[in-house]
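Q: Residues per chain, in single letters:
There are 4 protein chains.
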Amino acid sequence: MTLLADLLSTVFERRYRRHAAGAALDGRPLTELADALVGTAGETSGLALAEEILTRFDTLGDDEKLEFFRYLATAMNIDPEAVRSSLDEYERDPSKATYRSFAAAAEPARQEMIRRLNRVPGATGALVQMRADLLRLGGKEAELQALDLDFRHLFASWFNRGFLVLRPINWESPAHILEKIIAYEAVHAIDSWDDLRRRLEPTDRRCFAFFHPSMPDEPLIFVEVALNSGIPGSVQALLAEDRNPMPEDQADTAVFYSISNCQAGLASISFGNSLIKQVASDLAAELSGLKTFVTLSPIPGLIKWLSQEDHEWDIEQPDQMKALAAHYLLNAKGRSNMPFDPVARFHLGNGALVHAVHADADTSDKGRAQSGGTMVNYLYDLSRVSQNHEQFANTRDVIASADVKSLAASASLSTTQER
Amino acid sequence: MTLLADLLSTVFERRYRRHAAGAALDGRPLTELADALVGTAGETSGLALAEEILTRFDTLGDDEKLEFFRYLATAMNIDPEAVRSSLDEYERDPSKATYRSFAAAAEPARQEMIRRLNRVPGATGALVQMRADLLRLGGKEAELQALDLDFRHLFASWFNRGFLVLRPINWESPAHILEKIIAYEAVHAIDSWDDLRRRLEPTDRRCFAFFHPSMPDEPLIFVEVALNSGIPGSVQALLAEDRNPMPEDQADTAVFYSISNCQAGLASISFGNSLIKQVASDLAAELSGLKTFVTLSPIPGLIKWLSQEDHEWDIEQPDQMKALAAHYLLNAKGRSNMPFDPVARFHLGNGALVHAVHADADTSDKGRAQSGGTMVNYLYDLSRVSQNHEQFANTRDVIASADVKSLAASASLSTTQER
Amino acid sequence: MTLLADLLSTVFERRYRRHAAGAALDGRPLTELADALVGTAGETSGLALAEEILTRFDTLGDDEKLEFFRYLATAMNIDPEAVRSSLDEYERDPSKATYRSFAAAAEPARQEMIRRLNRVPGATGALVQMRADLLRLGGKEAELQALDLDFRHLFASWFNRGFLVLRPINWESPAHILEKIIAYEAVHAIDSWDDLRRRLEPTDRRCFAFFHPSMPDEPLIFVEVALNSGIPGSVQALLAEDRNPMPEDQADTAVFYSISNCQAGLASISFGNSLIKQVASDLAAELSGLKTFVTLSPIPGLIKWLSQEDHEWDIEQPDQMKALAAHYLLNAKGRSNMPFDPVARFHLGNGALVHAVHADADTSDKGRAQSGGTMVNYLYDLSRVSQNHEQFANTRDVIASADVKSLAASASLSTTQER
Amino acid sequence: MTLLADLLSTVFERRYRRHAAGAALDGRPLTELADALVGTAGETSGLALAEEILTRFDTLGDDEKLEFFRYLATAMNIDPEAVRSSLDEYERDPSKATYRSFAAAAEPARQEMIRRLNRVPGATGALVQMRADLLRLGGKEAELQALDLDFRHLFASWFNRGFLVLRPINWESPAHILEKIIAYEAVHAIDSWDDLRRRLEPTDRRCFAFFHPSMPDEPLIFVEVALNSGIPGSVQALLAEDRNPMPEDQADTAVFYSISNCQAGLASISFGNSLIKQVASDLAAELSGLKTFVTLSPIPGLIKWLSQEDHEWDIEQPDQMKALAAHYLLNAKGRSNMPFDPVARFHLGNGALVHAVHADADTSDKGRAQSGGTMVNYLYDLSRVSQNHEQFANTRDVIASADVKSLAASASLSTTQER
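Chains as they are written, first to last, in the UniProt record's numbering: chain H, 1 to 419; chain L, 1 to 419; chain C, 1 to 419; chain Z, 1 to 419.
Chain H extracted, bound-state conformation:
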């Protein structure tokens, strides 16, 4: 019954918000409303103001949105003099009052504005959308980048792992959630409801997503998992339409074959690490036969890097491509000595290691274009991820299996010879 209560109140709150949106609008400019929202002491008129700001913002064109963002970035920025004087005061007399004054001065008013906007039931999703607009429109403008840091600071606190809820996504999930899974899949496109069903319904398939309680209809990130016998070396085989599903309790390996972020407005708020570990841990608890947790991942930067480095390659020669891919994963480095490959950075940073490399593993146009069809398994050895993570964080050395190392060694030689 309390559950009913919950749901009813949620439904009510959504209606409330919608209803309020229809109310007569205040004639003042949006920036003035924003000032008033931060200035208002009490909550009463604040809530109505916040609703109006959110409603009005929704209807703005891009230029007007940009103008509003610039107002927040400048008129609602910190005042350096106020920071300095309150800091002096605090140093002279470190009391509750002086600390409070300093803290208030050191935080730009726009942070408080964003928090007050969030008091409106249902506003969290609108604020995530607002940041998506900012990222889309802001470009390299330094002031807008600073504004974005404030959004990001608040979102990192609100979308803290402790507040997220992990939900399985399956063929019994609501259609309005499933259509978002179709839309957001970023690695191996889902081309129909039948395709979706092949990834959700068989006994040897799983999907999990993180949700935030204030955005119950919006997945934040999701991972697709295949339960398998052994470590797979080809995504075509894994997703074949005519394959025979296996009983879940006969699987020994869980393959994370696709991870997709869903919300542009949550860029740089990292969920993937938590998601993979939580899912691996849940699956291990549910299915005692699972011994291996591994990805089947694209190598999105391979061809780009080969071109950039003037290395030669021939995608018709699978053995050569495998060796090149292994070499690339182990040795190609970018800024701060981090791996050049973004997917490698993600999994190595999580404490996984490079386990095996495969040629002809993704024969889609996209797969051939970005990696000559090669793919890689990153292995999550739950007993060693912490240690791997520390080692990688300290040394930036790519941890890999002996096989991959020797493969890379052969490749690097032949490339050198060719030059």
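No wet-lab data here; the hints were simulated from the structure. Warning: the hint list may mix true and false statements.
Copies of the same chain are indistinguishable here, so a pair counts whether it falls within one copy or spans any two.
Simulated crosslink set (DSBU-like; lysine-lysine; CA at most 35 Å straight-line) [claimed, not checked]:
no., residue 1, residue 2
1, Lys-366, Lys-405
2, Lys-405, Lys-96
3, Lys-277, Lys-366
4, Lys-291, Lys-277
5, Lys-291, Lys-140
6, Lys-96, Lys-180
7, Lys-140, Lys-96
8, Lys-366, Lys-291
9, Lys-405, Lys-65
10, Lys-405, Lys-140
11, Lys-304, Lys-96
12, Lys-405, Lys-180
Using the hints provided, position chains L, C and Z relative to the given structure of chain H.
A: Okay, now just chains L, C and Z, sitting in the frame of chain H:
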């Protein structure tokens, strides 16, 4: 089915936390673990560290807790020099990088530590408890008061109205929630499960609480409501054991007769205003016969103030007590010209007005001791609360009905005569 | 939490059934197992027997199923001599014991067998499927028809209106339910998930289904509703892909434009009457603007009847078709003086009346073939359905609006002239 | 969301029923309404009639109820002549039509009346209550006993194991369910909410109940379980207020120490067998450490039987009492050679065996009065219950452990000597 998923994942997460708590403990001092938690770049070991800190903190004695708090307050405080130099840098060259450095310097490391502790599933409640300890132990120590401001800053963001869920509490609610309602009732004590049932089950009774999704078993604040015919003048009559409940659709008045905060660790995070307005609005939508929303409130500061001011009173003379109460509510002021009475401050700040005063209205020992048995109705006129709120915030003038004003006028005269 | 419990237990029970199905099978013939099931006093071995019978039946070919049905129909039939002697005994000495003996003798053993099969968690759906097989295979064999009467007798009791649950079906419903809606739609085919969504998601569309608690994944019957301004005369307009949805609170008319039974095994167990009235009543309570409840129904028997009666018609002449349709609906009678048209029988039997007839209203191939494109509105006047129902049940006179009557009058004349 | 829908519809349906109850009542006598209900062909007026009958019945005094029952028992009984003639017809020409006529004649009209009453949402509970009235008032009247057999026949079908839902009852269950657990506990009374909590909240306690989906607020039967180390010999120790709960995963034994039926109106509809086996099976799946499933049961007939048989006993001599109890359990027989003790009949009939007997095991007044403080463990060996059940059903021999047998042997000797 997604709901099931949710609940399962919640259950899992609680077990997870409990299980982790039993893990072998790290031998390092707690303060060293806290430093490590803030220093760790990645999430992997951070989560294990956070779990250990929370688990260890739980087992500390008060002296050790105080020591830990002092460490946070000093070693994890801001570094004024770092603030100044990063601020100079930012003023010289306002870029994303310099703003980020300033923001990092201006926020004490302990805030980041608290956010990282909160990554552990189920940690939010533990952190609320940690602040309750701080408030209990911290006293007037300036540094600990500053630390508390950091907790409060984070909690205000996390317990933002937009994240809270309103739930009805009724006789079909889970027993483990109901026993907390019994424990937390702060105005008119609930002395048994039968007493509780009399406040929840009849058709003319309601109760509502705010919950946070990360603390689903802990009400944050709750309000008890009686549906009534007319505005009541006595809590004895309202709660009489042998009264006849009325059909809900015959009520014209909703009486908020008790509001209780539940979490010591959420002191100064205000929910009551939102709660009353949300409940009034929900009830108005559900029961079209309701025209009046009113409290039946204690006057906790009356006797204290009369003593302090050397006024004379006689609780056997109801008319005199009423007049004194009216005078007190309208004229007794404290700091910043705010009303002396804390309950008055709360309701007037919400935009309610003083509607009527009653003698012999609370004849319990507590009621006689604090207010000579008088009580007061604060009226929430939904069409005027915004306006009242603004007026009170600007002028601090107590808004009251004509009756109460003339009652207060008579009182103030007689008191003067007596002196 | 009790809800969780519920769901968990349901999940458990399904697994339980599946697991049991894998158990080693008893070697005895199915008919022997059936005898043993009815003979076994206690529940213990009964449950295992029942599981085995259900599992084995599933794997049978049609001939074997027919053989099993014939066994139930003959070997498990009543024994007339036993009925007579127990009846004599009861008449001689009407006691608890003699009544019990008579009741046992008068009910064929196969009824008890079906009840015992139903003890297996999840068996209800399997039994509905078993009856679907019986109806498909049984043909006109008198003994199998008698067996079917026993199934029907039990199902009428188990699928009693008081045990059914009404659920809205919408775009937030689970995908595995929605795909059944697509599959079971029997009036206006749903040709894709996009088409389904157009019938569920817009503010002016609703869908409701009856479920039985023991078959939570299987809708029994569902109705699709369009909220409209006025009474519609064309299903093309109603389902147009490019129409603009209207706000639900501006609708004055609820149009039941499709009702589909889902379970072949529940033939002759009537749900439609209850469903329409419950939905009309719920919608009236939710949307106070709704004043009219009406169908937009096919006239499936029109062309067939015109052919059979040697009437002439020309579907290019809409006015003539309308008149013919009106005449047909009012005057074409079949067995027991009931209307010839099955849809007319259903709605008139529910207490609706023939309100209006439209030409060019269903221009699909099916619509043109069965009714020359005509359709009809049956009107549910909630204040008169009881009275209409009684009148129709007693007199079999078709109740119709004045317009339809005069239309029918014109038609009948012209047809006569033509002959 | 479908869950919400469910719950909403349930809530709606309850309101619906209550609302209807307030409608203007039909002036005809109740018996005439009952006739009309059975006679009405269609559902429309039937539903209103059914609601009125249920509402009116509720307000009757006992004499009027009895009169109504007598009407059902006589006027709505079978007509032997109709049975005979339809049976003759069926034998002459076994067709669908003649079978239907016979089946209709052989079933008394009151069964159809009860089924039609059950169409009203929420009626199932009211019908269970109606039978409770019948059992309370009917006495030994043969016609009313026959009427009761009809109720029982229908209830056995409706409360079929396959329709029941097993729910855990715990400290998070709704209070209105828990207060029924307190009220219905029939073996070891629960004397307060604190006592209840001691039986539900500790990690080593469980409680489970069967519910019917149409009576979601009413447990049908529940069992209380203690997880223990070893087989206990005293209920005082098991329920001691100051005992230390053990971690659930350290328990090796599940003790069923109390089973209570909740609904007088479901007398003779057996649930206990299913409940114990389901719970044992669920617990075994959840807690792999559990090896033994055993009861700690009262011996309610011991003292009564000893008196009746003129045996001597002295409850101060525990060894003698144990031996007498063992002898009684193994040898005291009643009707049809079944054990004299009702609790023994229940567990032996389920396939359990008499495992051990204890003196001083229930020192409550009730325990001393009925069994001189002795108690017994019945052992459920899941691998042997089927076989035990069959053996007991065939031979009526009480299956017992060697210890209990030798104990019984010693007792029977000494008793003989004393006589």
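Q: Run every hint past the structure and note whether it holds.
A: Checked hints:
1. Lys-366 to Lys-405: within (26 Å within a copy, 67 Å between copies)
2. Lys-405 to Lys-96: neither (58 Å within a copy, 39 Å between copies)
3. Lys-277 to Lys-366: within (28 Å within a copy, 55 Å between copies)
4. Lys-291 to Lys-277: Answer is both; intra-copy 14 Å and inter-copy 34 Å each pass.
5. Lys-291 to Lys-140: Cα proximity of Lys-291 and Lys-140: none, with 46 Å in one copy and 56 Å across.
6. Lys-96 to Lys-180: Between copies only: 33 Å across chains, 48 Å inside a chain, cut-off 35 Å.
7. Lys-140 to Lys-96: The answer is between: 9 Å across copies meets 35 Å, while 39 Å in one copy does not.
8. Lys-366 to Lys-291: within (31 Å within a copy, 56 Å between copies)
9. Lys-405 to Lys-65: neither (51 Å within a copy, 50 Å between copies)
10. Lys-405 to Lys-140: The answer is neither: 40 Å in one copy and 62 Å across copies each exceed 35 Å.
11. Lys-304 to Lys-96: between (56 Å within a copy, 28 Å between copies)
12. Lys-405 to Lys-180: neither (40 Å within a copy, 52 Å between copies)
Of the hints listed earlier, those the structure fails to meet are numbers 2, 5, 9, 10, 12, in rising order.
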